[in-house]
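Enquirer: Sequence:
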Amino acid sequence: MFWKPFLSLLLAGMLGAPGAAQPIQTKNIKITVLLRSMSGPENILMKNGAEAAANELGVSVDILGPIPGISPDAYSQKRAQLDMFQNKISAGCDVICVDPLDAEAAIPLMDQSALSKIPVLTIQHDIEHANKLSFLGMDAQAARPGGEYAATLSKKAVILRNADDSVQDIAESGFRAGLEGGGAQVLGVLAADGEPAQAVRTLLETYPDAGVLCVASDSLAIAAQREMARLGRGIPVIGFGCAPEALELVRDRTLAAMVVPEFYDTGALSVQLAVQAAMGRPIEKRIVPGAVLATHENAAGLLSNPHYNPGL
228 MFWKPFLSLL LAGMLGAPGA AQPIQTKNIK ITVLLRSMSG PENILMKNGA EAAANELGVS
288 VDILGPIPGI SPDAYSQKRA QLDMFQNKIS AGCDVICVDP LDAEAAIPLM DQSALSKIPV
348 LTIQHDIEHA NKLSFLGMDA QAARPGGEYA ATLSKKAVIL RNADDSVQDI AESGFRAGLE
408 GGGAQVLGVL AADGEPAQAV RTLLETYPDA GVLCVASDSL AIAAQREMAR LGRGIPVIGF
468 GCAPEALELV RDRTLAAMVV PEFYDTGALS VQLAVQAAMG RPIEKRIVPG AVLATHENAA
528 GLLSNPHYNP GL
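In case it helps, this note's numbering puts the sequence shown at residues 228 to 539.
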């Protein structure tokens with residue numbers, strides 16, 4: 228976790244601003260954090276982190292996102308988020324931080340935000356746009372510790388993922404880098420396509436020598452482990468995500484490990500960087516939050532930590 232040290236540096240910069248006789252007041256800074264959803268563990272952790280940083284810095288933060296019960300399908304969720312984005316540009320604020328559901332559809336809104344002189348910081352999922360302030364999200368090394376750990380369990384691995392997801396692209400790249408760096412062979416990459424049980428059966432038929440399975444999401448890792456257990460197979464499963472149920476399974480030695488991204492830090496950093504931008508100070512074009520490898524030894528501690536367990 229590095230948001231607290233970052234916050235200390237930011238506050239020190241505010242207090243020590245050239246020509247500033249008193250601390251710079253932040254109470255009039257208005258920030259919008261636009262999440263992909265108001266549910267799901269990663270979104271709740273980002274929301275909690277954003278609120279904590281806003282309280283520390285004394286800024287106003289409006290955290291929004293589609294609500295699944297109101298926007299029940301993928302199309303309506305994308306439309307709802309785009310409408311929220313549009314409304315915030317029209318109403319005005321100092322900085323918008325957005326984790327876009329539809330990056331391509333958001334490009335015209337980025338044009339509008341530029342005309343309105345509202346900087347936009349993208350979170351988790353990027354938007355390719357010349358006027359983007361910065362991108363705060365994982366890099367291709369995020370899941371590397373999971374791949375390195377998997378390589379200690381077996382030198383023959385398979386990666387399981389869902390298609391068309393940029394975060395799972397990152398998870399796959401990190402797992403592959405860690406596996407290969409640890410001397411393991413990636414036998415293949417399988418797409419679950421909404422059918423994890425079938426994907427596991429295909430895995431066992433296609434790669435009978437597989438000794439470890441790296442999975443690019445927490446829910447998919449849980450489903451894969453359940454199917455392994457149903458079939459009486461003991462291939463260890465390593466996942467990627469922050470679902471408390473997955474951490475509980477790691478604690479209980481049912482899942483071998485989980486790579487847990489620092490979603491709380493991501494939310495906190497989004498607000499901190501937004502404040503820095505609102506004050507007219509430069510920020511890096513890319514900021515990479517960290518991740519922690521959860522194993523049986525530390526899973527219980529992570530479950531008791533509100534930075535990793537959204538239920539606390």
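Note that these hints are calculated values from the structure, not bench results.
Warning: the hint list may mix true and false statements.
Keeping only pairs whose Cα atoms sit at most 16 Å apart, straight-line, the calculated EDC-like set for lysine to aspartate or glutamate is [unchecked claim]:
id, residue 1, residue 2
1, Lys344, Asp329
2, Lys359, Glu331
3, Lys257, Asp300
4, Lys305, Glu278
5, Lys359, Asp321
6, Lys305, Asp329
7, Lys383, Asp436
8, Lys382, Glu355
9, Lys383, Asp329
10, Lys254, Glu278
11, Lys359, Asp479
12, Lys512, Glu355
13, Lys359, Asp338
14, Lys382, Glu331
15, Lys512, Asp353
16, Lys254, Asp300
17, Lys382, Glu407
Enquirer: Against each hint, give a clear statement of whether it holds in the structure.
Expert: Here's how the hints hold up against the structure:
1. Lys344 / Asp329: 22 Å, violated
2. Lys359 / Glu331: 14 Å, holds
3. Lys257 / Asp300: Judged against 16 Å, a Cα distance of about 30 Å means the pair is violated.
4. Lys305 / Glu278: 24 Å, violated
5. Lys359 / Asp321: This hinted pair holds, its Cα atoms lying about 14 Å apart.
6. Lys305 / Asp329: 6 Å, holds
7. Lys383 / Asp436: Roughly 7 Å separates the two Cα atoms, so the pair holds.
8. Lys382 / Glu355: 37 Å, violated
9. Lys383 / Asp329: 36 Å, violated
10. Lys254 / Glu278: It holds: about 14 Å lies between the C-alpha atoms, which stays within 16 Å.
11. Lys359 / Asp479: Outside the cut-off at roughly 43 Å; violated.
12. Lys512 / Glu355: Given pair Lys512, Glu355 holds - Cα atoms ~12 Å apart, limit 16 Å.
13. Lys359 / Asp338: 10 Å, holds
14. Lys382 / Glu331: 39 Å, violated
15. Lys512 / Asp353: Roughly 12 Å separates the two Cα atoms, so the pair holds.
16. Lys254 / Asp300: 37 Å, violated
17. Lys382 / Glu407: OK: Lys382 and Glu407 at ~9 Å, within 16 Å.
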